[in-house]
Amino acid sequence: MKTEKFFTHPIGVFIAAIVATFLWGSAFPFIKLSYAELGIQPQEVGEQILFAGYRFFLSGVMLLFFFKALGKDMNFKKGTGKQLVQIGLFQTFLQYICFYIGMSYSSGIEGAIISGTSSFFQIILAHFLYKDDALNMRKIIGVSIGFCGVVLVNVPSDGSLSFHFGIGSLLLLSAAMLYSYGNILAKEGSKTLDVGYMTAYQMIFGSIGLLCIGALQVGIMPFTFSVHAILMLIYLSFLSAAGFCICITYLGGNYHYRIFFSKKPLTAIC
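End of the sequence shown sits at 270 in the UniProt record's numbering; the numbers just go up one at a time, nothing left out.
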């Protein structure tokens, strides 16, 4: 079955969505484990940004080699740089600055649940960007219930009525918004650019920004990597490469992806 047919067939769509949500969901605990293994503390912003840069640069390189091995032309094409930088700015650079710092102040489960709001932000953004995807009463009710769930997650477990929405939650919510807009840019980009080419280069461009900021603060290699830390970095890089590629390919033919993105918190908890 050809790739295009696979991602438009109901069975293919279902399998792709489950695989993608499992990959994305598993990122939350592995980031927390990586922080613990490398001794990265919540206040060490430079180290967090640098580690994110490692991950996404490696992800982009993985994709370049993978699609090159499949016979695709992965050489950089003149005239695509501006669009790739724009996608990388939102989908990798800005999003993961907020995400990685936010995760250092949050639990893996909290991070997964708040990041799930990206589905709701995409519904809202689509209303303003697509004439055929306007908000209706059902969508408004669904989004409202979803955001109420995020509020409940931030209510203290001791039963008090005080509401806690700290810096970690705020950054994760910002990351979800940036991710939502980046996804829409990627969906538009997939109409004119090859998905593998677009994903690989937007990751590389976005990660270069992360590496530069991190290296300026703490140097290019402040960590002592154990075997466990290396394996976790490789896995995080792999899941980003595979997850982004599946999601963007899935987005290109099926705009109902939002249903499945809400499953990410479940895979993170499992």
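Don't read these hints as lab results, they were simulated from the structure. Predicted model only: the values in this text are computed from it and were never measured. Just to be clear, a hint being listed does not mean it is correct.
To be verified - Here are the computed lysine to aspartate or glutamate pairs in the EDC-like style, where the Cα-Cα straight-line distance is at most 16 Å: (1) 32 with 44; (2) 77 with 194; (3) 78 with 194; (4) 68 with 188; (5) 72 with 188; (6) 68 with 194.
Unchecked claim - Just the calculated beta-carbon pair ranges, DEER-fashion: (7) 188 with 78: 17 to 23 Å; (8) 72 with 225: 28 to 34 Å; (9) 135 with 238: 33 to 39 Å; (10) 125 with 79: 23 to 29 Å; (11) 86 with 220: 25 to 31 Å; (12) 65 with 146: 20 to 26 Å; (13) 235 with 79: 32 to 38 Å; (14) 194 with 149: 20 to 26 Å; (15) 221 with 134: 31 to 37 Å.
Ideal placement from N, C-alpha and C gives every residue a C-beta, glycine not left out.
Go through the numbered hints given earlier and state which of them the structure violates, listing their numbers in rising order.
-> 4, 5, 12, 14, 15
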